[in-house]
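Student: Spelled out from the first residue to the last, the chains are:
2 protein chains.
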Amino acid sequence: MAEKTAFTIAVVGATGAVGQKIVQLLEKKDIPIKQLKLLSSQRSAGKKVFFANREITVEEAVPESFEDVDIALFSAGGSVSKKLAPEAVKRGAVVVDNTSAYRLDKDVPLVVPEVNEQDLQSHNGIIANPNCSTIQMVATLKPIQEAFGLKRVIVSTYQAVSGSGNEACDELEEQTKQYVNGEDMTAELLPVKGDEKHLPIAFNALPQIDVFQDNGYTFEEMKMINESKKILHDDALAIAATCVRLPIFTSHAESVYAEVEENGLSVKDIQNTLGNADGVVLEDDPQTQTYPTPLSAAEKEEVFAGRVRKDLDNDNGFHFWVVSDNLMKGAALNTIQIAERLIQNKWL
Amino acid sequence: MAEKTAFTIAVVGATGAVGQKIVQLLEKKDIPIKQLKLLSSQRSAGKKVFFANREITVEEAVPESFEDVDIALFSAGGSVSKKLAPEAVKRGAVVVDNTSAYRLDKDVPLVVPEVNEQDLQSHNGIIANPNCSTIQMVATLKPIQEAFGLKRVIVSTYQAVSGSGNEACDELEEQTKQYVNGEDMTAELLPVKGDEKHLPIAFNALPQIDVFQDNGYTFEEMKMINESKKILHDDALAIAATCVRLPIFTSHAESVYAEVEENGLSVKDIQNTLGNADGVVLEDDPQTQTYPTPLSAAEKEEVFAGRVRKDLDNDNGFHFWVVSDNLMKGAALNTIQIAERLIQNKWL
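The listed protein sequences derive, respectively, from chains A and B. For the first sequence, the numbering used here assigns the number 348 to the last residue and increments by one with no breaks. For the second sequence, the numbering used here assigns the number 348 to the last residue and increments by one with no breaks.
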């Protein structure tokens with residue numbers, strides 16, 4: 001059989017925050033596209049989207065949509081992936097899934113290409129894209145783990161509303177306008193759409209992302225914990241997370257404490273390791289107030305790290321600050337990079 | 001000499017964010033006031049302030065302002081305290097200082113009344129009010145230390161702009177309006193007035209509060225570290241801080257990891273200890289999405305704690321979330337409570 005040189009790509013959830021970003025990135029990236037199918041729920045079907053100067057009509061995603069599709073990029077929520085990803089696989093497509101539906105499934109590789117590209121080889125038709133807050137953290141933890149060994153991680157996050165989709169961005173925008181106009185702020189969505197209480201996000205901090213689990217942690221916190229262990233191939237890694245939603249539109253930030261195996265390391269050792277890591281940019285110079293922020297990282301492709309310093313009590317402990325665009329590397333870009341590596345390595 | 005039943009109080013920095021709050025609180029609190037002197041820089045002198053239905057003219061603070069003053073409450077910046085607090089003491093006043101000028105001076109008690117009231121007895125005319133982010137954290141750490149022993153603390157903060165004064169609130173307000181009007185945001189103040197670079201705070205997160213120290217930590221982070229050790233009377237306490245400024249007007253939040261000496265504790269043990277602590281209110285029930293937020297804590301007097309959970313790897317480790325109004329318990333209220341305890345205990 002002749003080797004394929006162009007591919008039919010389906011984007012499921014094409015009108016959502018991540019789906020829109022995927023379509024934008026596909027225009028700029030190196031995947032040779034034979035045909036692009038934009039799929040969505042029935043509600044959004046019929047919308048028109050411009051791609052490469054051509055108008056594409058969004059169609060309702062049904063099992064038959066995946067006939068002749070080579071790669072299907074899913075980001076339409078876990079229930080859609082549960083229902084339609086197996087249908088896509090059955091029809092010969094490889095699925096890259098942006099939801100949490102398959103991430104902890106032991107037959108599904110969970111991949112950040114810079115971190116564990118080799119895991120892609122063992123796919124059975126579905127590859128899971130990790131949670132946004134996990135991706136940027138493991139991009140910095142992996143080079144440290146490889147160079148010095150990693151014992152323990154404690155992270156507190158500073159997360160943007162776009163992680164909850166376009167509706168959450170609209171809610172922050174609306175509450176901000178209400179504040180400026182001297183009106184009471186109305187909250188109808190955050191912290192979690194289906195939960196009982198809704199709280200204002202503008203000028204506030206919500207220590208709840210996704211629903212609470214029985215152990216008192218939120219699902220977002222458990223995602224960071226469990227996904228990091230899987231991606232870093234270390235079930236024994238001690239790791240804890242506190243996840244907080246903030247009035248920021250784009251980019252998640254993280255305050256990370258990492259304890260390494262190797263003794264006697266300096267700040268410079270960690271800085272060099274991060275600075276040389278694939279996909280990571282070191283922005284770290286206190287003397288010139290150089291450090292990443294959500295606004296400086298927005299629309300960029302890389303993971304940015306700064307504020308590296310040594311714990312004052314534990315010689316093996318280091319603190320640093322990690323920022324990345326949650327819709328780019330945190331979602332759409334990583335999804336596309338997975339597809340690129342599948343093609344380049346002929347692992348489709 | 002007959003015991004005093006009413007006191008002459010001076011407020012230095014009366015037109016600032018904390019000073020204004022002090023004046024408001026003095027109206028509501030139990031300190032019997034003979035005379036209230038409102039003092040400021042030359043620039044703000046002449047302004048009129050209402051107090052107990054009477055107009056008081058703000059005067060320029062000079063050494064002679066403190067003649068006959070019993071208690072002087074300073075919050076006009078470190079340099080003003082350095083210059084004028086000794087002048088006030090020389091004239092017989094007891095100073096409660098809200099700046100960092102004297103906090104680590106070993107002859108100056110650094111006090112949160114619920115935590116270390118007894119330290120007030122050793123004052124030599126000056127008592128220091130701790131940093132806002134320190135106060136709310138030690139209010140929760142002290143009962144834990146007392147009940148179970150405290151080995152280690154790692155904190156990441158979520159801090160409001162009002163900690164940088166009224167100007168910083170104006171800057172957030174201005175940038176927010178610029179965003180709503182589709183204009184570019186202008187940054188002229190934050191993260192630090194005197195530093196070279198200024199960065200937008202609206203819809204952003206700045207991992208710098210106060211200037212950088214030689215060890216890579218900011219002054220705010222070192223304040224939290226050093227002040228907590230002093231207030232908790234434990235120089236050997238392992239403690240690290242990452243301080244972040246956010247687009248929030250009022251109330252600081254903190255993600256705290258605390259490691260205790262005692263083994264085998266449950267979440268309930270920590271919750272009960274926090275819930276019974278003086279000045280602390282436990283708001284913690286994941287089942288009903290009950291936890292404190294900056295907006296819910298604003299204008300309140302207490303320190304609010306929630307999201308208590310056990311570390312998943314360390315049996316002695318607990319994570320929790322602490323929120324308090326940074327101008328109230330974090331500054332003005334704690335200052336006034338110190339004055340109240342001095343009077344009640346006859347320790348003036």
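Just to be clear, a hint being listed does not mean it is correct.
Identical copies look the same in the list; a pair holds intra-copy or inter-copy alike.
[What the hints assert, rightly or not] With a Cα cut of at most 25 Å, we get these calculated BS3-like pairs of lysine-lysine:
1. Lys83 - Lys300
2. Lys300 - Lys197
3. Lys310 - Lys151
4. Lys82 - Lys268
5. Lys4 - Lys268
6. Lys197 - Lys48
7. Lys268 - Lys197
8. Lys177 - Lys34
9. Lys106 - Lys193
10. Lys310 - Lys229
11. Lys346 - Lys37
12. Lys300 - Lys106
Quick caveat, the hints were computed from the structure, so don't treat them as lab data.
Student: Where does the structure disagree with the numbered hints, that is, which hint numbers, in rising order?
Tutor: 1, 4, 5, 6, 8, 9, 12
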